[in-house]
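Q: The residues making up each chain are set out below.
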Amino acid sequence: AQKVTQAQTEISVVEKEDVTLDCVYETRDTTYYLFWYKQPPSGELVFLIRRNSFDEQNEISGRYSWNFQKSTSSFNFTITASQVVDSAVYFCALSDGGTSYGKLTFGQGTILTVHP
Amino acid sequence: GAVVSQHPSWVICKSGTSVKIECRSLDFQATTMFWYRQFPKQSLMLMATSNEGSKATYEQGVEKDKFLINHASLTLSTLTVTSAHPEDSSFYICRPNQETQYFGPGTRLLVL
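First to last, the protein sequences are chains A and B. The first sequence begins at 1 in my numbering and counts up one residue at a time. The second sequence begins at 1001 in my numbering and counts up one residue at a time.
Just chain A, same shape as in the assembly (with noise of 0.2 Å):
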């Protein structure tokens, strides 16, 4: 069975500070999908990347990027330069079957809060 595992239950840093988010996933398909999803306090899920287990390269995207290392089944989360506004719980969650379209496992999520 699938699961997505976030070790870190809360992180605290300072503005301007970098933080890396990590997630460990399991699953026994070949094909599957990876999320990264920001849930602020009004709980809507913000919808930030999805990556397919074939495209191993990391991604930028402003101040966010992500590191997909498929032989380590991590696919961890940083923020460089951290925002007061980038405090929110973070969700990593994986889609197996072979499609992206499925059923997502979420991860324990991550507590990001930054400090001014």
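Simulated from the structure, these hints should not be mistaken for laboratory data. Remember, it's a predicted structure, so these values are computed and weren't measured experimentally. Certain hints may be false.
Stated by the list, open to error - Mimicking DSS-like on lysine-lysine, the simulated pairs with C-alpha atoms at most 30 Å apart in a straight line are:
1. K3(A) - K1041(B)
2. K1020(B) - K103(A)
3. K1066(B) - K70(A)
4. K3(A) - K1066(B)
5. K16(A) - K103(A)
Starting from the known structure of chain A, fit chain B onto it as the hints suggest.
A: For chain B alone, coordinates are given in the frame of chain A:
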């Protein structure tokens, strides 16, 4: 882009009453809708999968007679919490199978 709406966004009810939550896909057709539940300070857990025109499938441990799901059209799926109790207080979120990144905004249920 695709948009998913949920109604109501907030509901407070007395124990023993039933609550219906609607999830609509506004500009696309969703043959499948996933319903998730999130208890305070916890992660999202899949409750059930609704399929248009057929019975929903429920995850292990979710009572199908308590959480009634109806997917009567390609744009509307409903979740009814029957005889709600305080332990059902949670955040309920839907997600269509069309575009993975789109979740509904969620419904906060508080049962007193």
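Q: Determine for every hint whether it applies to the structure shown.
A: Against the structure, the hints:
| no. | hint | in the structure |
| --- | --- | --- |
| 1 | K3(A) - K1041(B) | 19 Å, holds |
| 2 | K1020(B) - K103(A) | 23 Å, holds |
| 3 | K1066(B) - K70(A) | 40 Å, violated |
| 4 | K3(A) - K1066(B) | 27 Å, holds |
| 5 | K16(A) - K103(A) | 36 Å, violated |
Hint compliance for this structure: hints 3 and 5 are not met, and every other hint is.
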